[in-house]
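A.B. asks: The chain contents come next:
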Amino acid sequence: MELYLIAHIAGRGVAIPTEQVDSVVDLGDVVAVPCAVSSVRGLSALRSRVLTVIDTGTALGIEPMPDSCRRAVITRIDGHHYAVLVDSLDDVARYEPLSLSSGLSLQHGWASAGRGLVDRDGDPLLVLDLAALVPGTHKISAAAA
Amino acid sequence: MDDLLQEFVAETRETLEALAGEIVAWEAQPADRARLDAIFRFVHTVKGSCGFLDLPRLARLSHAAEDVLAAVRDGQRIPDTALVNAVLAIVDRIGEIVEAIDAGVSLDDTSEDLLIAALAENAAPASAPASAMGHRAPARSVRLNVELLDRMMSGMSDIVLARNELARRLRDDDVDPRVEAALERLSGTVAEMRDTVTRTRMQKIDALFSALPRMVRDTAAELGKAVALTLEGSDVELDREMIEMMRDPLVHIIRNALDHGIEAPSVRRSAGKRETGRLTVSARQSGNQILVEIADDGAGIDVARVAAKAVKMGLYSAADVDAMSQAAREELIFAAGLSSKDLASSISGRGVGMDVVRANIEQIGGRISLTSRPGRGLVITIQVPLTLSIMPTIVIGAGGQRFALSRASIDEIVTARGDTVRIDAVGDSAIATVRGERLPLVRLSALLGLPQTGEPGTLAIVGTRDGSYALGIDAVLDTEELVIKPAAPAVMATGLYAGQSLPDSGLPMLLLDGAGVATVAGLRFDRAIGADEQADTEAAIPAVPALLFEDLDGQRRAVPLAAVDRVETVEASSIRHVGGRLRLSADGVIVPLYSVATLEGRASLPVLRLTDRETDVAYAIAEPLDIVDLPTTMACANGAGTIAGVVLIGEEPVEVLDPLALFAQAEPEPADPALCLLHDDGTGWMDQFLRPTLEAAGYRCVAAAPAGQRPAIALSLASGERGAGANDPGVPVVRLRRERAAAREDTTVYRYDRAALLAAMADTIATRRIG
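Chains as they are written, first to last, in numbering that gives the first Met the number 0: chain E, 0 to 144; chain U, 0 to 770.
Incorrect hints may have been included.
Restraint ranges, calculated between C-beta atoms of paired labels, are given here [claimed, not checked]:
1. D122/E / R168/U: 41 to 47 Å
2. D503/U / S100/E: 49 to 55 Å
3. A131/E / E243/U: 33 to 39 Å
4. S428/U / A131/E: 38 to 44 Å
5. A110/E / G154/U: 38 to 44 Å
6. R434/U / H7/E: 55 to 61 Å
7. H7/E / R167/U: 30 to 36 Å
8. E361/U / A131/E: 33 to 39 Å
9. H7/E / E179/U: 56 to 62 Å
10. S98/E / R167/U: 49 to 55 Å
Output of the computed footprint for chain E on chain U, the stretches with three or more beta carbons under 8 Å from beta carbons of chain E [what the hints assert, rightly or not]:
11. 152-158
12. 445-451
13. 494-502
Hints in this document: simulated from the structure, not taken from any laboratory.
In this text, a Cβ means the ideal position worked out from N, Cα and C, and glycines have one as well.
Whole structure, please, built from the sequences with the hints as guidance.
C.D. replies: The structure is reproduced here in structure tokens:
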């Protein structure tokens, strides 16, 4: 049994392994980062820390998150803090991690971010790897030109 | 060195404390390999540091112990009780000496031979000497790791933000003045704390310099050169991280200086230099910048060779290089892959070029520049911000968003609507002309895809390594010292930003990377080195410094400083009207003196001694005022004279003396001035009108030839009576006429045509001499 944070992203329930979760916050103002990839919504401050805000919907290749979305899961990757936007948060609970059902074909970003399944009272929830949502260092200089 | 020693003491003491447990365990179980290793590492470290710090006693002790422990590790010796005791006695002794160093007291060293002897096989156990402990000074320094300092810094930022929040909330309500006073006090303390915490990151640059003497000595020896190193400004403080970042570039530059700069002793001798080369490394603080200067007296940069290599490597065409200024060619050593030595040597040619050095320096927000004096040496100046983490910035607005720009990268800020600025569309891009200098224009909001609010209102001239450009922004909002942190990879990947920051407003802000913006905007400065230089020289005609003074008539005048040899105060009695003009006698010579007003009533007065290295003149003034830069625009004076023109200095028009005119008038008089006989017609015209001109031209005028002297020339009026002396056929005569127009075949000269008269006189005398 492992501890998972149950959240809703784009209307779907997901399970986030709690070892990836630094904290859960409601973000303040977000400052845009012009020319950054679209999944970077901007920067926001949490105490003296600057968070890079990830538009989870865009990162997954589906609908962008609504502008009003403020709730975020904070995760730390390679020394940087990211705020991953979520629709809502449900619960923290222990579940048995299951492998992805054979034959299940995930589309868009779900495929790269999905790590497995948990069974929540009969509902299967996708286990999400937050690191897979964070854009890497791939150059996008062409986009700016 | 003190700092290093302090660090060594602290470190050794710390290790000893940690080691105490190991020693006891090893004593109980001499075969325990892990304990043995720990003790071995300790004595080994001490030995290493001692060699560096020149502590021979500690070096000897630790060396002996290390030898024995190495033998034990290799299985050559059995760690029996005697050996363990002997090693422990030495470890104890090291501790005592370290405490003694710290306390600054001396420690008797007689028993140390015994301690070392006790290490030998089958040695009689040495009786442990009475411990000299007891003067252990309380430690006044602690060692912290950088992580802890960083946490302190970020905690500090939190406090500042919380204070701001509190102040904002309080401002909204009517607040008890006592609460306000308390907040005031809190603010003061917080600001002070912030400074203190910042200072914890500072370290003396000695930490960087202290390793240099050894390095220079070893490297010079390896190269067979003799070099004397001078270090200056070791006590300048710098951010610890910055010191680490500076280490490699500094070492590289010094190795370069030793390898390529300073010549071999024989070469130096034949060049007339002292055999021992000089290398000076100095640090000084200038505002919030630290300047580190590496100066050698070697050969300087072989510009021709560097340029040839750049062409050979295809970095530039020969035409490009030809078009470059000297400075631009020197800068070529910063081009990638260039080294003036054809063969890479073991000293500096390690595949790392000056391009890497420059990149490293720029990475920490610094700049590097050089001054080469061929045959006389090279000076490289590194300029870095005082601290890595706090950067002075300018906060700008573009498209409704705030950005920060490093103040060091901005050359100038001008308003786009000013008279000195013009913006033209060129094809699909734009050019800003700022005071005649053409710069590519980058509209920031357009580049960033932000909403545009018409034409940019302000231009920030951003200097990058390759060239400058104008960045069009909406407005300059603020200047702020910001704590800059690296941004997430996805943000850095844009290539536009150098980092992020959280200013006191509590809203994150991005720091723009001036060079990155240029790259993303597609600006190319490939040819900029040559072309840019030209623009630079046009824009910046070096200002002519001038001495501003109050003249004797109360006017302010200026004279170009280059013409002024010195200003000295002289006695009025040393100025006499002799030989037709005022002359100053000083230091055994007599020089012509100019004065615009009478000197009467002055006992002494300052005079300007002007020189063009051949002619000396003096100019009497009332008071020297200031050294000023002459504006490049000067209204020409009406008519010739000693005034070259009028310039505006401050709000005041100031006359500028024409040193050329002063010198011309003071042309060294012929040692024997030509005697000129004036045949006046009795009206005194010649004496009054002609004489000054002639005397200024170097003639001595007489109305009648003095006894025994023959005039060189005589002047007479064409219509006038010939006077005495004219009968002397040996004296050539120039005749003057009253009418402007000359009759045919007339050899007379119109009497008011000064130039023709003087020419005719000179001509006549010359002809006469030849004849």
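A.B. asks: Now tell me if each hint is right for this structure.
C.D. replies: Each hint, compared with the structure:
Between D122/E and R168/U the CB atoms are about 44 Å apart, so this pair conforms to the stated range of 41 to 47 Å. Separation of D503/U from S100/E is about 52 Å and conforms to the stated range, judged on CB atoms against 49 to 55 Å. One distance hint, 33 to 39 Å for the beta-carbon pair A131/E and E243/U, holds here, with the actual separation near 35 Å. Hint check: S428/U to A131/E, Cβ distance near 40 Å, so the stated range 38 to 44 Å holds.
Checking the proposed 38 to 44 Å range against A110/E and G154/U shows it holds: the Cβ atoms sit about 42 Å from each other. In this structure the hint that R434/U and H7/E lie 55 to 61 Å apart at CB holds, the actual value being about 60 Å. In this structure the hint that H7/E and R167/U lie 30 to 36 Å apart at CB holds, the actual value being about 34 Å. In this structure the hint that E361/U and A131/E lie 33 to 39 Å apart at CB holds, the actual value being about 35 Å.
Here the CB-CB span from H7/E to E179/U is close to 46 Å, at odds with the stated 56 to 62 Å. In this structure, S98/E and R167/U meet the distance hint of 49 to 55 Å, their C-beta atoms being roughly 52 Å apart. With 4 residues carrying a beta carbon less than 8 Å from a beta carbon of chain E, the segment 152-158 of chain U meets the three-residue requirement, and the given coverage holds. Counting residues of the segment 445-451 of chain U whose C-beta lies closer than 8 Å to any C-beta of chain E gives 4; at least three are required, and the coverage claim holds.
For a cut-off of 8 Å, the count of residues in the segment 494-502 of chain U with a CB near a CB of chain E stands at 6, and the three-residue condition holds.
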